[in-house]
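Trainee: Below are the chains, spelled out letter by letter.
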Amino acid sequence: MRIDDSSIYVDRHKCIACGICVDRCIMDNLRLSIAPCRQVCPVGMNCQGYIRLIAMGKEELAIEQLQPFGPFVPLIAATCTAPCEKVCARKKKDGAVHILELKRYLAKKYSKELYNIQVVAVRSKKSVAVIGADVAGLASGFKAIQRGYCVTIYAKSSDKKDMDEVLKNIVTSLETAGAVFRYDVALEEPIRDLHLFDAIILSRLEDHSFVKKDLFIKNADFNLDSSTHLVTGNIFCCNTDSSQKKEPVFEIASAFEAVESVSRYLNGEPLDWGRGFYTQGGAVKAFNIDQRVGSEEQRTLQEDLADGFDSETAKKQALRCFGCGRAFEKNQTCWYCLPCELECPHGALEVKIPYLVR
Amino acid sequence: MNIRRMETDILIVGGGSAGCMAAIRAKELSSETDICIWEKGDFKYSGSIARGMDALNIVCIPNLTDPDLYLEAVQIGCKGVVDAKPSYVMAERSYALLKKLEKWGVHFILGKDGNYRTLQYHVKGRFQTAMDEPDLKLILAQKVLDAGVKIINRVMGIGLLKDGDRIAGAVGLNTRTGELIVTIAKSVILCAGGQARFNLPNSGYLYGTFDYPGNSGDGFIMGLDAGAKLTGMEYCSRVNLIKDVSIPLLAITVTRGGRVMDCFENVIMEGAVNRIDEMHKAVKEGRGPLRISLKHLPEDTIKEIEHILFSCERPVQERFFKNRHIDFRTHDIELWPTEVQLCGGHGMSGIRVDGNAWTGIPGLYAAGDVACVPKQHLSGAFVFGEVAAENAVEFVKSAGEVHIDENEILAIEAKRDARAANIDKNIDIKEFEYKVRRIIGDYVPSPKNGYKLLRWLEWSKVFKKELENEVKVEDGHDLARLYEAEHIIRCADCSAAAALTRKESRWGDAHFRSDYPDTDETNWQKHVLVYSGDQYENLDTSTAPVLNLNNEEIVHEN
Numbered sequence: 017m018r019i020d021d022s023s024i025y026v027d028r029h030k031c032i033a034c035g036i037c038v039d040r041c042i043m044d045n046l047r048l049s050i051a052p053c054r055q056v057c058p059v060g061m062n063c064q065g066y067i068r069l070i071a072m073g074k075e076e077l078a079i080e081q082l083q084p085f086g087p088f089v090p091l092i093a094a095t096c097t098a099p100c101e102k103v104c105a106r107k108k109k110d111g112a113v114h115i116l117e118l119k120r121y122l123a124k125k126y127s128k129e130l131y132n133i134q135v136v137a138v139r140s141k142k143s144v145a146v147i148g149a150d151v152a153g154l155a156s157g158f159k160a161i162q163r164g165y166c167v168t169i170y171a172k173s174s175d176k177k178d179m180d181e182v183l184k185n186i187v188t189s190l191e192t193a194g195a196v197f198r199y200d201v202a203l204e205e206p207i208r209d210l211h212l213f214d215a216i217i218l219s220r221l222e223d224h225s226f227v228k229k230d231l232f233i234k235n236a237d238f239n240l241d242s243s244t245h246l247v248t249g250n251i252f253c254c255n256t257d258s259s260q261k262k263e264p265v266f267e268i269a270s271a272f273e274a275v276e277s278v279s280r281y282l283n284g285e286p287l288d289w290g291r292g293f294y295t296q297g298g299a300v301k302a303f304n305i306d307q308r309v310g311s312e313e314q315r316t317l318q319e320d321l322a323d324g325f326d327s328e329t330a331k332k333q334a335l336r337c338f339g340c341g342r343a344f345e346k347n348q349t350c351w352y353c354l355p356c357e358l359e360c361p362h363g364a365l366e367v368k369i370p371y372l373v374r
Numbered sequence: 002m003n004i005r006r007m008e009t010d011i012l013i014v015g016g017g018s019a020g021c022m023a024a025i026r027a028k029e030l031s032s033e034t035d036i037c038i039w040e041k042g043d044f045k046y047s048g049s050i051a052r053g054m055d056a057l058n059i060v061c062i063p064n065l066t067d068p069d070l071y072l073e074a075v076q077i078g079c080k081g082v083v084d085a086k087p088s089y090v091m092a093e094r095s096y097a098l099l100k101k102l103e104k105w106g107v108h109f110i111l112g113k114d115g116n117y118r119t120l121q122y123h124v125k126g127r128f129q130t131a132m133d134e135p136d137l138k139l140i141l142a143q144k145v146l147d148a149g150v151k152i153i154n155r156v157m158g159i160g161l162l163k164d165g166d167r168i169a170g171a172v173g174l175n176t177r178t179g180e181l182i183v184t185i186a187k188s189v190i191l192c193a194g195g196q197a198r199f200n201l202p203n204s205g206y207l208y209g210t211f212d213y214p215g216n217s218g219d220g221f222i223m224g225l226d227a228g229a230k231l232t233g234m235e236y237c238s239r240v241n242l243i244k245d246v247s248i249p250l251l252a253i254t255v256t257r258g259g260r261v262m263d264c265f266e267n268v269i270m271e272g273a274v275n276r277i278d279e280m281h282k283a284v285k286e287g288r289g290p291l292r293i294s295l296k297h298l299p300e301d302t303i304k305e306i307e308h309i310l311f312s313c314e315r316p317v318q319e320r321f322f323k324n325r326h327i328d329f330r331t332h333d334i335e336l337w338p339t340e341v342q343l344c345g346g347h348g349m350s351g352i353r354v355d356g357n358a359w360t361g362i363p364g365l366y367a368a369g370d371v372a373c374v375p376k377q378h379l380s381g382a383f384v385f386g387e388v389a390a391e392n393a394v395e396f397v398k399s400a401g402e403v404h405i406d407e408n409e410i411l412a413i414e415a416k417r418d419a420r421a422a423n424i425d426k427n428i429d430i431k432e433f434e435y436k437v438r439r440i441i442g443d444y445v446p447s448p449k450n451g452y453k454l455l456r457w458l459e460w461s462k463v464f465k466k467e468l469e470n471e472v473k474v475e476d477g478h479d480l481a482r483l484y485e486a487e488h489i490i491r492c493a494d495c496s497a498a499a500a501l502t503r504k505e506s507r508w509g510d511a512h513f514r515s516d517y518p519d520t521d522e523t524n525w526q527k528h529v530l531v532y533s534g535d536q537y538e539n540l541d542t543s544t545a546p547v548l549n550l551n552n553e554e555i556v557h558e559n
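Here the protein sequences line up with chains A and B, keeping their order. Quick note on this note's numbering: the first sequence kicks off at 17 and runs consecutively. Quick note on this note's numbering: the second sequence kicks off at 2 and runs consecutively.
Some hints could be false.
Said to hold, decoys possible - Some chain B residues judged to face chain A by a derived CB distance under 7 Å, without partners named:
hint : residue
1    : 47
2    : 52
3    : 65
4    : 176
5    : 299
6    : 322
7    : 326
Unchecked claim - SDA-like mimics (lysine to any residue), calculated; alpha carbons at most 20 Å apart, straight line:
hint : chain 1 : residue 1 : chain 2 : residue 2
8    : A       : 368       : B       : 322
9    : A       : 368       : B       : 245
10   : B       : 323       : A       : 163
11   : B       : 151       : A       : 163
12   : B       : 296       : B       : 331
13   : A       : 142       : B       : 151
14   : B       : 323       : A       : 22
15   : A       : 74        : A       : 117
16   : B       : 323       : A       : 372
17   : B       : 151       : A       : 117
Calculated from the structure, these hints are not laboratory results. In this text, a Cβ means the ideal position worked out from N, Cα and C, and glycines have one as well.
Using the sequences plus the hints, can you model the full thing?
Mentor: Shown next as structure tokens:
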């Protein structure tokens with residue numbers, strides 16, 4: 017990939033690889049190269065984004081970068097094994113940036129903001145039922161709420177008892193955002209009125225033989241597509257592979273993907289339109305990750321960071337980030353019309369007039 | 002690869018000035034009508050007014066000007082070849098449009114007397130009304146979104162679908178991924194802009210054009226293939242603008258007291274843009290380059306001019322002048338003829354429409370630069386966006402269900418797949434476009450003659466063959482560029498065919514044939530129409546009389 021910025025200049029220290037300029041370009045000129053840490057993240061969290069913002073001293077904006085994961089950030093921060101740090105470009109120089117610990121720092125300091133779910137301005141009238149209140153179920157409910165759907169989550173009464181503190185906080189924040197929880201149904205029995213929902217998301221398919229019966233799905237019709245998470249009709253399933261024990265972050269990733277499919281389905285779009293063969297240019301993976309993943313054991317965070325960061329050490333740590341991902345000019349079709357520059361939230365991008373015209 | 006299919010009542014191809022206005026008006030009239038907009042770029046800032054505008058070009062303010070006076074002005078501007086009805090309708094509705102925009106928060110500049118600030122850009126009458134609104138497109142886009150219109154970004158139209166005679170929808174191409182989208186619609190409004198990428202600009206930079214370079218004539222070709230008739234394609238519109246960067250500033254500077262001079266310091270215009278022909282003449286006679294001088298103006302006026310130039314329409318010129326160390330207080334601004342464009346807004350090329358924005362195909366309307374309402378500028382795009390929407394809503398009410406022919410879609414898909422498979426070919430798409438546009442510049446614009454125009458048609462055959470077989474397509478972006486190149490070639494065919502038919506010279510530099518150098522008012526005060534056929538490169542041409550306000554032929558006494 018040739019990175020030739022003949023007419024667009026991007027300041028690596030300010031660019032947080034958010035992709036707004038790429039979206040705004042009316043000549044389809046720009047593309048986004050994604051930092052290794054984001055490429056390996058199961059949920060695609062923009063680590064570079066929040067780290068650069070901490071470095072710039074804009075922690076409140078760093079929280080915005082985490083809003084797509086809202087109340088799940090504390091959960092991820094507590095349980096993730098940080099594949100991002102294994103591929104950090106800084107690793108070979110003097111050790112990876114402490115990405116996970118920075119996440120923990122934000123999750124702790126701004127938990128109130130994160131539990132306050134940001135919802136799209138215009139709410140949809142479409143309704144989505146989620147069956148199962150495990151991590152994947154709650155994550156589907158959260159994403160569906162964020163996209164403005166009316167969400168009802170069905171759970172076993174025992175689910176509530178088994179929840180730990182973190183999950184209980186998530187449930188509270190979902191309830192505040194408008195999700196309806198139903199613990200009173202016996203999931204072994206057919207759920208009444210399930211057919212009234214516009215879409216249904218199951219968490220863990222095999223637990224739900226009752227749903228098959230209720231929704232008149234025959235076994236023969238089962239054709240679970242792992243990329244689109246579609247079971248049949250308007251029924252989707254997240255967390256499809258339960259044979260092995262997974263970290264919560266994978267469950268969350270699978271739930272988000274399922275909701276993406278649901279939302280396409282509800283908009284009447286084909287589930288995989290826009291993810292076609294030619295998409296490789298849309299977001300460019302410009303780094304060879306395999307080379308960066310060494311065989312060394314991951315250093316244990318607990319040893320050197322027992323107490324976590326305070327705002328000063330966090331900033332110092334964040335300043336170590338190289339800022340690998342960024343927007344760049346791919347197609348050289350600039351019309352110097354300036355919306356990209358205008359919309360860049362951090363003044364990282366500058367349009368130079370192409371040399372032939374300058 | 003997948004095809005995305007969807008249904009809607011009204012499909013608007015193009016989300017710029019005309020497209021936004023059409024969507025807003027249609028929702029005003031009937032909120033339950035389902036409307037979808039395809040936008041080639043990104044909706045928030047798309048089209049020619051990405052960064053706002055400095056004036057509403059044509060407004061008939063009561064007690065100052067009226068539609069009859071405007072009609073007179075535009076008839077002089079077009080040397081008589083203009084249907085009266087559309088221009089009259091636009092002028093008639095222009096003041097209500099201004100009021101509507103003002104209500105939405107668009108800032109029009111008021112003079113000291115409390116009246117709108119008007120500027121003279123026409124031979125007669127002060128129609129141009131000053132505006133200072135960098136966020137014009139944002140205001141429109143927000144209105145459209147609030148109305149509940151569905152927007153699909155990154156889609157360029159590549160063909161219309163028909164059900165018998167009437168329109169049934171359209172096929173588009175995702176400019177990033179190369180996927181197809183089929184939208185079945187009861188009515189389609191084409192607002193896809195003109196053809197800004199015709200020949201090369203003098204900078205040699207493919208996208209350094211005056212108008213939004215995403216306008217590659219997609220709408221013309223879609224209309225043509227569906228059976229609509231194009232008119233004025235021989236009018237190769239070309240203006241004198243800032244040298245190298247092709248950014249407009251005549252209206253802003255000259256109407257505020259700037260002087261246009263030739264190299265011998267003769268003043269051609271001062272205070273009003275009313276002698277464009279003289280500018281072309283001066284350049285032709287070798288008295289160029291022309292310059293705009295602002296030195297003599299008071300500091301306040303220069304500050305006002307700078308404020309507008311550097312905030313609206315193309316704010317990038319601030320850094321252009323800075324790079325070149327040009328200060329208006331001490332330096333003149335050099336002008337140069339721009340590239341040629343085919344465009345209904347600035348020139349007079351486009352799909353022929355009547356006063357209802359109707360193209361002649363049931364259900365198909367056209368507005369903005371893609372339609373021929375000569376020299377309508379932004380006012381025309383807005384007014385005809387509204388007119389088209391009113392008629393489309395009316396049409397949809399009585400229109401039944403449409404059915405599309407699956408074979409048509411399969412053919413388009415097969416063509417796309419064949420082009421996308423050309424990954425191992427040798428010619429770079431940019432080089433291809435560069436050569437196409439260089440050769441267009443060599444043969445199609447004035448000075449024209451029969452020999453040159455036929456030479457282009459020969460080249461056109463070669464290019465079309467290369468396009469299918471030898472141009473390399475690596476990703477969806479390249480594929481979209483390939484379709485654009487095809488549209489560029491076919492628009493040049495239309496222009497050449499129309500120019501071959503018009504055996505006279507007219508409109509100065511826009512259509513000068515060295516083999517027929519005189520203007521023939523007796524025989525040629527009429528339209529040249531281009532449509533699908535087999536006379537030249539799948540095109541036929543014919544002539545049509547100019548229509549008066551009652552849509553009757555104008556009879557010339559001789």
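Trainee: Next, verify each hint and record whether it holds.
Mentor: Hints, verified against the model:
no.: 1; hint: 47; result: 5 Å, holds
no.: 2; hint: 52; result: 6 Å, holds
no.: 3; hint: 65; result: 33 Å, violated
no.: 4; hint: 176; result: 5 Å, holds
no.: 5; hint: 299; result: 29 Å, violated
no.: 6; hint: 322; result: 11 Å, violated
no.: 7; hint: 326; result: 12 Å, violated
no.: 8; hint: A/368 with B/322; result: 12 Å, holds
no.: 9; hint: A/368 with B/245; result: 15 Å, holds
no.: 10; hint: B/323 with A/163; result: 45 Å, violated
no.: 11; hint: B/151 with A/163; result: 16 Å, holds
no.: 12; hint: B/296 with B/331; result: 6 Å, holds
no.: 13; hint: A/142 with B/151; result: 16 Å, holds
no.: 14; hint: B/323 with A/22; result: 18 Å, holds
no.: 15; hint: A/74 with A/117; result: 17 Å, holds
no.: 16; hint: B/323 with A/372; result: 16 Å, holds
no.: 17; hint: B/151 with A/117; result: 42 Å, violated
In summary, the structure is inconsistent with hints 3, 5, 6, 7, 10, 17 from the numbered list given earlier, while agreeing with the others.
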